[in-house]
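K.L.:
Listed below, chain by chain, are the residues.
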Amino acid sequence: MRASKDAQAAYRRLVQRHAPRVPLLRNTVLAFVVGGSLCAVGQIFMNVFERHGLSPERAGAMTAVVIVLLGALLTGLGVYDEIVRLGGMGGSLPISGFANAMVAPAMEYRREGWILGVGARIFSIAGPVITYGLLAAMVIGAVYVALGLPPPR
Amino acid sequence: MAMTAAVVESAENRRRCGRTFVLRDAWIAGAASVAGPTEGRGPLGGRFDRIETGHLLGQASWEMAEAELARRAFMRLCGKLALEPGDFDLLLGGDLLNQTVASSFAARSLDVPLCGLYAACATFAEGLGLAATLCDAGFCRRVAVAVSSHHDAAERQYRFPTELGIQRPPTAQWTATGSVAVAVTSGAAGGGPVRLAAFTPGRVVDFAVQDPYHMGAAMAPAAADTLATLLEDLRQSPETLGPVYTGDLARAGVPLCEALLAKRGVRLSLRDCGIELYDPARQDVHAGGSGAACSALVTAARILPDLVAGAVERTCLCATGALHSPTTYQQGESIPGIAHAVLLERSGKGGGQA
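These protein sequences, in sequence, are chains Z and D. Letter 122 of the first sequence, counting from 1, is numbered 122 in the working numbering, and no numbers are missing. Letter 91 of the second sequence, counting from 1, is numbered 244 in the working numbering, and no numbers are missing.
To be clear, the hints were calculated from the coordinates, so they are not data collected in a lab. All C-beta atoms in this analysis are idealised placements derived from N, C-alpha and C, irrespective of residue type, glycine included. Honestly, I wouldn't trust all of these hints.
Label-pair distances were calculated between CB atoms; the ranges are [what the hints assert, rightly or not]:
id: 1; chain 1: Z; residue 1: Phe32; chain 2: D; residue 2: Cys268; range: 50 to 60 Å
id: 2; chain 1: Z; residue 1: Gly113; chain 2: D; residue 2: Arg435; range: 30 to 40 Å
id: 3; chain 1: Z; residue 1: Ile115; chain 2: D; residue 2: Ala341; range: 53 to 63 Å
id: 4; chain 1: Z; residue 1: Val41; chain 2: D; residue 2: Lys416; range: 51 to 61 Å
id: 5; chain 1: Z; residue 1: Ala19; chain 2: D; residue 2: Arg169; range: 30 to 40 Å
id: 6; chain 1: D; residue 1: Gly501; chain 2: Z; residue 2: Gly117; range: 53 to 63 Å
Listing some non-contacts, in silico: residues in chain Z with all C-beta distances to chain D over 10 Å [stated by the list, open to error]:
id: 7; residue: Val41
id: 8; residue: Arg58
id: 9; residue: Leu135
id: 10; residue: Ala136
id: 11; residue: Gly148
So that you can see chain D by itself, here it is in the shape it has in the complex (with noise of 0.2 Å):
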């Protein structure tokens, strides 16, 4: 593809170029998507590989249900690819609870080695470009990357108890209920349709933002700062990267990062899945979705299919997090951001189905 060979050579060879790490032999073989029931009353709907009738899942608290999303997906990858989960070196598990909870519990009943990960709502990206930089290297055949979020887990542990009537302003947004699991494979496990091409990890960027309501804000300039490294670090121009996703910045935060690309000198009109996984007519969620399954479920559902069909031949996605907990920002520090990127690239091969 002219594409990969553009950024091969802007690579000079070397393996990574600035901050990006310039990715050859890593692959997406596929992908599961279990949503929650307001998600699967989204635009998304019917793309979904599960959609779960109510909250609980017949577990006793939200953050079991959240692990049990986890699992479902999972599993459900496995099944997908017909493999056990034995089939797996490894498992990079992330969600929004304290200490990581919902993966941790959701491996305890998966034989497989776990690494868990935290970058808020980014952490799915974060996972991806880790997972495929593992098999790129050799260390790993084959990984299963694993984020989840549960919107009335998330409520209670950053906001309120779920029951408690509150009026949201229009900044806010909503944690999304769900769980996405992707294998990341290296050629040597038979790579798949979709190609990691490159993997951008964030810095930590903070703007003094303080509104735990207006996370886009929070977010807007890592994302920003992430999606113009990648360019200048690959030498790309934005038309070149196809569509570009960023994670959960939502209606209030889009039109910030953009305005900050083009103080950069970067002009690029920003897709975003906090805006696509709701439909905001019929769905009250505010400035749109947030949460660590938000851009998972939205990767699963279209930007990896439209690659594997071919609508696009190339996307990137930047998943946006902010890394406050409701500890810090109560004793009054600012909100800070990060945004981790990967690129995306249709393989033309197929093996697998994502």
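Isolated chain Z, as found in the complex (with noise of 0.2 Å):
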């Protein structure tokens, strides 16, 4: 039974009157404190690779590796869900983020085997943000030649 379009723009004025409150400002907070905490680990790493003599631009890159690492690790030891249940954007924004939304896969479709499981599956959760980021890229890099300007550095 379909009800009709008054009773569902009826019901949709119920279903509003009794929505729980998101707790907005909670949620804001935590995804700020856990955001920045990882942040905070990415900085300490950098300064310790700056001064052990890598370059800024080679310690950027360090960073970035040991965070992914970070986030995979805590992904496997069943942690990283927990954090980004907590903080939210705080949790998925950072590159462990990422990390989390590859080896949670990875992890789920494993009994599917290596072809079929793993590598069929491994990018159904960052497979958009590839996709769309290679599509960008060729938007943006196509308005560069469009426009002659020279390629950024």
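With the hints as a guide, bring the two chains together.
P.N.:
Right, dumping it as structure tokens:
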């Protein structure tokens, strides 16, 4: 039985009236703390790498490697999903969140084998980021070519 | 019993009133429950027959773990009633997994005919109603109803890989891990301490809710429709039903169902299995529990024991299901709801242990 358009609209209003409040302030503060902490850890690694003689560029790349590793490790230990449950985007947005988005499907679909499981489905979460990242890069590249601009350094 | 008589009278000796099947010879002889670790730590933890300590049960996948849950619940039921699997004429099995594999794989090691059922989280009440109908009609003397759900198997199928970090909104629900098997019998097989008095199969009701994180809103109209139908068909007033349990509307869905019922002139204060299964102060399950095992676990741990002990004379269980798949909602379809209701009564006689 499909409700009429009027009944649907009335029900939508009822649902909105009873909707539990999303704890926006709590979520925002936790996102700030969790995301900030992850970045602080990254900064510590970066400083250590620089002190040991790496150029800032190299130190930045190495920091990304370490944070990705950390994200993957914490996903494997079953901790990272708890971090994001608390921190929301504060946990998802740093590069450790990207590692989580790769490792979680790899773990989940391992049971279907290396080819049709891990191989085919490892990008099931991160895939859109890569697809549209590539698309955006192509569009911006085309704009640069069309305007005759020098490539950014 | 006076109340039993009222139902039969209102039936005017017909077996079906409106959409409701009026049952005379269908009983619950016993139930066995197997709960997951999270459910075992909830407020009903002490009342389950078995609590698993892990999520995999020694199996290679979540899916096989769920099948093992169902098998253990069924074997536990056999043990409690001192029966062999072959003593059941039929097994009605249902779960949430694609192609209902948990039930099928559980039954591949059991010597009993299987009919698979699917009504999402309303499968348990659908199974009870159909089993009671088969017994009452004389096709079967003893039918087992077994349902299961597994949190991780459901997450993976309906949402995301289990280790992916997600922040869920407060309307989201937590799929329960567990399985329950119930023995439904006719008087010829000894009856039981609880009588299945009526079964109202539900219609699919769609109020165009599209949010997969608000199943309570998607299912509440179906629950209101089925409960109002049951009351109308049996010409009963809400007070005569005893405690009325909805399956898994949870905290966000119960007020919606009560508001819809009030609009139809039915004043009913609902209890909800999704709310009773967990302790919100200690367990972060958002709006409450869900899953085919949710209403079944609460039925086995609270509803049936309350009836057997005489704490209540009558209870209505209205299990609720959301009939979407990940494919349909990604394609922009709304989430249709369904609710099946059974009316349970204390029979006052022994025979078995519910």
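K.L.:
Taking each numbered hint in turn, which are not upheld by the structure, reported in ascending numerical order?
P.N.:
Of the numbered hints given earlier, the structure breaks none, since each of them holds.
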